[in-house]
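Colleague: Reconstruct the complex from the two isolated chains, following the hints.
The listed protein sequences derive, respectively, from chains A and B. This note's numbering runs 111 ahead of the 1-based position in the first sequence. This note's numbering runs 47 ahead of the 1-based position in the second sequence.
Because the hints were derived from the structure by calculation, they are not lab data. Do not rely on the hints blindly, as some may be mistaken.
Restraint-style ranges between C-beta atoms, simulated for each label pair [as the list claims (entries may be wrong)]:
1. B:Val77 to A:Glu173: 30 to 36 Å
2. B:Glu113 to A:Asn206: 42 to 48 Å
3. A:Glu126 to B:Gly143: 31 to 37 Å
4. A:Arg127 to B:Ile186: 55 to 61 Å
5. B:Asn58 to A:Glu141: 30 to 36 Å
6. A:Glu141 to B:Val77: 32 to 38 Å
7. B:Leu63 to A:Arg195: 38 to 44 Å
8. A:Arg195 to B:Lys203: 42 to 48 Å
Calculated Cβ distances over 12 Å to all of chain A for the following chain B residues [said to hold, decoys possible]:
9. Val54
10. His100
11. Phe115
12. Ile130
13. Phe167
14. Thr168
15. Met176
16. Leu188
17. Leu205
18. Glu215
19. Arg216
20. Ser219
21. Phe249
Below are the DSS-like pairs computed for lysine-lysine, each with C-alpha atoms no more than 27 Å apart in a straight line [stated by the list, open to error]:
22. B:Lys55 to A:Lys161
23. A:Lys137 to B:Lys106
24. A:Lys179 to B:Lys82
25. B:Lys82 to A:Lys161
26. B:Lys106 to B:Lys144
Quick reminder that beta carbons are idealized off the backbone N, C-alpha and C, glycines included.
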Amino acid sequence: MLKGILEGCILAIIEREAVYGYTLSKQLHENGLTEISEGTIYPVLLRLQKNGYIVGEMRPSEAGPDRKYYTLTPEGKQALEQIRKEWKSLVPSVNNILFKEWYDDGR
Amino acid sequence: MTVDELVKLNNEKRKLLTEENEAYYTDLVVYLRMKWRLSEQQTEEVLMEMLDHLLDAQKEGKSAAEVFGDEPLQFADSLIAEIADENPLNWVEFFGKLILQLLGWIFVIRGAIIMLFSFFTEVKETVYMLQAAVFATTISLFIIFNIWFMLKTVKKNLFVFPKEKKRERKASMQVGLAAGLSMLVLLLIIKFTPEMGPTFHFPAYLSLVLGGIMLLVHHFLKKV
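So here's chain B without its partners, still in its complex pose (with noise of 0.2 Å):
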């Protein structure tokens, strides 16, 4: 089975576990996965045999804590130890595509607001190299710091039971909060930055050519 099907038969299968047993076997689920160092395939093949074996052994009474310890962090741990790495290759892949679907999008934003408001103002189409490379690692930045606070967040909140709403409401809040000021010195940061560096004609029309051509390549590949 592919990845995309094991995660999509994993969904299904985990709703035929109690409450306790969810939480326990979820927080394993989500420890993982965000090992994205780790071998997808491997990872996903093994989270699905033990869904399989803690759905025997709750039919005997047993609890999740029961069968994979009172230590799940550790045993966690112990099981990332023997997963083999993801090929290197996949990890060009993924980036690979991840840039291509970003660049698409912004191409296609950009062209289209430049043509929407061409019709009310006087736009420019000139590109300021410096200034796009500010803009660029600005957004890059940007992304980097908000998964990266997310995993973090969530990591803090795993493996404690019982699972409770006012902490799982504080650790959103949180997330969003860091969102919430991340885009505001983000927006601060491409509204004072000084057009600067050398500059190219970069029309509207082709920008959104360029982009859309991105988008579709994205889409075709991910079907491949």
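For reference, chain A alone in the conformation it holds in the complex (with noise of 0.2 Å):
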């Protein structure tokens, strides 16, 4: 399940502008997710290049060299949707579970 989250996130970031690899790590770290070393994003973006969600393009980047950047394809942008959906209706019954007495309590 969090596999997938993960993905999610990285498709989220790569909607709003094309990153390479250091600047996606950087922006999942600065949005709290200090947890996942930054390596870990590799494996994850190979993945979603497998699965033609993203395409990885290489641009020179402001540092100098060229990067790799990866911008979403339409495939990507459906699979973020539908990711976005399922969590959505996920979030509340998962708070649900965890913290029923919390919600009793309040009541």
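Modeller: Here you go:
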């Protein structure tokens, strides 16, 4: 379940702007996902490319040397919407189970 | 970029790593390149991406272990699981070229040796087919065994930090010893295999010409 969530987060960041590996891991960290090591994104990026959800393209970066920038494909956009939908319906249910006592006490 | 260009650039950029980061990253490189099943292009591309990442992280004072985790072997395996297989056609091409080159050299060397010795003594230019088959099998096994043993030794010493000179020397000695011993066996088999099987005449000049053509073809194929 958690693997799919990291994929969703990576797709969402790439949807906002084309990124390369280093900036992608930076953004994940800045959003509070500090538990996962930076390298973890590379197997995920490979998988997303294999599924045709993202494509990489060599472009010059601000820092100078060419970097592989990733952009979303139409299939990737579709997959992201699916993940968003699933996550939306998942969150209240999981909250309900995990924090049942809290909700009950609050009543 | 082609695989060759990526490998060259990788070697250049790796020099910018600190000693500790270089040891960690190089083991990743060796481990991934040893997986001969994988697409070379994809492997080199992701290695380059990670090298750029590590160089950026290094500027911020981070270590390779902080970037890629404390379990490099597991991390490498998770990458390998996602890299596509090499196109089988590339395999046929790779082995085809290798065999062409090997046979080319064997023919050229055979031709040259016979010509050289024929100045001093009578040399037979006859090929005994069964004997030649034994030689070919033995030489193939010799090559396969030594590559296998070398890879096995390298693999055993991957992801062991810090790198110790003593360990590396021991590994080199093992590989050298295996090569020496198997060479001895190879020579003994060649010396004691009797002339047997159907024969045909394969003169030295033909051996030279044929081997030369094979090496030329190989040379041009390499450029394409």
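Colleague: So, for every hint listed, does it hold in this structure?
Modeller: Hints, verified against the model:
A hinted range of 30 to 36 Å holds for the C-beta pair Val77 of chain B and Glu173 of chain A, which are about 32 Å apart. In this structure, Glu113 of chain B and Asn206 of chain A break the distance hint of 42 to 48 Å, their C-beta atoms being roughly 33 Å apart. Against the hinted window of 31 to 37 Å, the Cβ-Cβ separation of Glu126 of chain A and Gly143 of chain B comes to about 45 Å, which falls outside the hint. About 59 Å separates the C-beta atoms of Arg127 of chain A and Ile186 of chain B, a value consistent with the hinted range of 55 to 61 Å.
For Asn58 of chain B and Glu141 of chain A, the hinted distance range of 30 to 36 Å is satisfied, since their beta carbons lie about 33 Å from each other. In this structure, Glu141 of chain A and Val77 of chain B meet the distance hint of 32 to 38 Å, their C-beta atoms being roughly 33 Å apart. For the hinted restraint 38 to 44 Å between Leu63 of chain B and Arg195 of chain A, the CB-CB distance of approximately 40 Å keeps it satisfied. Distance hint for Arg195 of chain A and Lys203 of chain B: a CB-CB separation of about 47 Å, consistent with the stated range 42 to 48 Å.
A cut-off of 12 Å between C-beta atoms confirms that Val54 of chain B is not in contact with chain A; the least separation is 16 Å. Not every beta carbon of chain A lies more than 12 Å from that of His100 of chain B, the smallest distance being close to 5 Å; the non-interface claim is violated. Not every C-beta of chain A lies more than 12 Å from that of Phe115 of chain B, the closest at about 4 Å, which undercuts listing it as non-interface. Here Ile130 of chain B does not stay apart from chain A, with its beta-carbon only about 6 Å from theirs, under the 12 Å limit.
At roughly 61 Å, the least C-beta separation between Phe167 of chain B and chain A is larger than 12 Å, which holds for a residue marked as non-interface. Under the 12 Å C-beta cut-off, the non-interface status given to Thr168 of chain B relative to chain A holds; the minimum distance is some 62 Å. At roughly 48 Å, the least C-beta separation between Met176 of chain B and chain A is larger than 12 Å, which holds for a residue marked as non-interface. Remark: the non-interface label on Leu188 of chain B is consistent with the geometry, its nearest Cβ contact in chain A lying 36 Å away (cut-off 12 Å).
The Cβ of Leu205 of chain B lies farther than 12 Å from every Cβ of chain A, with a closest approach of about 17 Å, so its non-interface assignment holds. Distance check for Glu215 of chain B against chain A: the nearest CB is about 26 Å away, which clears 12 Å, and the non-interface claim stands. Distance check on Arg216 of chain B: its Cβ is at least 31 Å (rounded) from any Cβ of chain A, clearing the 12 Å threshold; non-interface status holds. With 12 Å as the threshold on Cβ separation, the claim that Ser219 of chain B sits away from chain A holds: the shortest Cβ distance comes to roughly 30 Å.
Chain A leaves Phe249 of chain B outside its interface by the beta-carbon criterion, the shortest separation being 51 Å against a cut-off of 12 Å. A hinted pair counts as satisfied when its Cα atoms are at most 27 Å apart, and Lys55 of chain B with Lys161 of chain A qualifies at roughly 26 Å. For the hint pairing Lys137 of chain A with Lys106 of chain B, the CA-to-CA distance comes to about 14 Å; that is within 27 Å, so the pair holds. At roughly 23 Å between alpha-carbon atoms, Lys179 of chain A and Lys82 of chain B fall within 27 Å of each other, so this suggested pair holds.
Restraint check: the Cα-Cα separation between Lys82 of chain B and Lys161 of chain A comes to about 19 Å, which is no more than 27 Å; the hinted pair holds. Proximity of Lys106 of chain B to Lys144 of chain B is assessed by CA-CA distance (about 43 Å); at most 27 Å being required, the pair is judged violated.
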